[in-house]
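Given next are the chains, with one letter for each unit.
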Amino acid sequence: MSESIKTSKRQFRNIRIVDLPRYRFPLGSIVSILHRASGAFIFLMLPLILWLLDRSLTSEISFAYFQGVVSHWFVKLILLVLIWAFLHHLCAGCRHLLMDLHVGLDKEPAKTSAITVLAVSLVLTAVIALKLFGAY
Amino acid sequence: MANDNIGYHRMVVGAHYGLFDWIAQRATAVVMMVYTIVLLIAFLLPGDVGYESWAGLFAQQWFKLLTFAMFMGLFYHAWVGMRNIWMDYVKPIGVRLLLHVLTIFWLVACAGWTVQILWRV
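Same order as they appear, the protein sequences are chains C and Y. According to this note's numbering, numbering within the first sequence proceeds without interruption in unit steps and concludes at 136. According to this note's numbering, numbering within the second sequence proceeds without interruption in unit steps and concludes at 121.
Fair warning: there could be bad hints in the mix.
Chain Y stretches covered by chain C per the calculated footprint, using a threshold of three residues with CB under 8 angstroms from any CB of chain C [unchecked claim]:
1. 34 to 45
2. 52 to 65
3. 77 to 86
Don't read these hints as lab results, they were simulated from the structure. Backbone N, C-alpha and C fix where the C-beta goes; we use that ideal spot for every residue, glycine too.
All chains, please: the whole structure from these sequences, using the hints.
See below:
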């Protein structure tokens with residue numbers, strides 16, 4: 001037992017960052033890393049979300065101010081990225097919950113659900129983008 | 001592994017090696033999903049969305065509490081997720097501890113702001 005305390009833990013690294021360009025990403029791993037990236041992005045954007053909620057609720061004057069801020073093209077762009085991040089995180093999260101219930105764990109269903117997650121979140125984002133930038 | 005986890009080798013910034021956070025992350029995810037649906041229904045109901053109806057929705061106590069519970073769930077969910085990210089990519093214990101503390105500070109500050117926003121309407 002004392003030996004096991006003295007010897008330092010072995011580090012197992014299956015991939016290094018320099019290997020990434022040569023590494024083939026299956027669709028499931030793309031969904032997975034985007035799930036993580038979108039979550040981290042929402043975490044960093046929390047103050048913006050709360051600030052917008054605050055402006056939209058405080059008074060009629062602040063609501064008008066909120067509408068002005070949100071109608072700026074750059075803010076719209078950030079909001080669109082946020083909306084995509086939210087939708088992707090939500091869809092990939094549903095996939096996670098199903099997999100926790102042992103649904104779709106095999107190779108083929110997992111690939112299909114990965115495509116579905118990417119497609120649904122991108123299509124919904126595109127629909128919202130058209131609405132946001134006033135195409136309809 | 002178990003023998004390594006004592007004394008100097010004890011992992012001080014790991015997970016709790018239990019089911020709690022895993023379940024909490026999934027439970028809060030479901031709460032946020034339900035909230036999203038409630039908000040979407042409120043949004044899609046007939047009538048234009050102006051300040052009156054928007055603030056009117058948030059002025060009701062049940063919606064305040066629902067929003068509050070959802071946000072607290074979101075912050076806990078974000079804590080588990082961010083902690084997992086730091087644990088995967090940041091190996092030096094000191095840096096990791098600092099990032100954990102900053103993450104908690106960030107989320108607690110957001111939680112305070114959420115209360116202020118909600119109970120001012």
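Structure-based check of each hint:
1. 34 to 45: violated (count 1)
2. 52 to 65: holds (count 3)
3. 77 to 86: holds (count 4)
Of the hints listed earlier, the one the structure fails to meet is number 1.
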